[in-house]
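The whole structure should be built from the sequences, with the hints applied where relevant.
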Amino acid sequence: MTRRMILPALFGLIGTAILIALGVWQLDRAGQKAALVADMEARLVGAPTALPESPTPLADNYRPVRAEGAFLPAQTFVLSAVKGQGPGFRVIGAFQTDSGRRILVDRGFLPQAQRPDLPAPTTAPQVLIGNLQWPEDSDSFTPEYDAARDLFFARDVGPLATHLGTDAVMLVLRASNPPHPQIQPMPVDGVSIPDNHMGYAVQWFLMAVVWAGMTLFFLWRIRTKRD
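The sequence shown runs contiguously to residue 228 in this note's numbering.
Quick caveat, the hints were computed from the structure, so don't treat them as lab data. On a predicted model such as this, the values are computed, not experimentally measured, just so you know. Hints may be right or wrong, so weigh each one.
Quick list of in silico lysine to aspartate or glutamate cross-link-like pairs, DMTMM-like style, CA-CA up to 20 Å [claimed, not checked]:
hint, residue 1, residue 2
1, K34, D196
2, K84, D190
3, K34, D190
4, K34, D61
5, K34, E137
Have a look at this one:
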């Protein structure tokens, strides 16, 4: 190897090593994400427990819980649709537990045509079974709350809690006693966490191959010119 080839070779080796390291890091992240999803899915089907004192998305997302209390008069709607049933709404209610805490409850799906006939929530005692969830439904294109129609376009817990005067905690209903005749519960049936790490790993490894190939080609050109 000539002196002219040393610097390009070092540059190529360092670049290839960095790209491979990034690919390995993404593979490690993919493994961590898979373990997290497995833990959450195991938690999802566990026996319901009492509502935690200070639930957080990191520690309690998808946790099955049981809550006793009564719905408050306040409720709102989130635009939704169900395959085979067409457009409608997620009915989001404010629920006060027997201990005095106020939380959000995603009561389920209501067909669009039935909204005008939906009565105010009953204030009779209720027993709710469901899962805590902090959905990530919105993005930069999600419309703002439509006050004229009392309509949200995503189940963002923060804005919904502010609107209904509750803690920023949502229970997605699985079953209630008594059940509601018009609202169809839409329980959490799986963990949905974006996982692009494997794709990123493949990209980094491909870039490493290209980088190494370009380095070898450049070194070959230097050598052939010398010869």
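Numbers of the earlier hints that this structure fails to satisfy, in rising order:
The structure conflicts with no hint, since it agrees with every one listed earlier.
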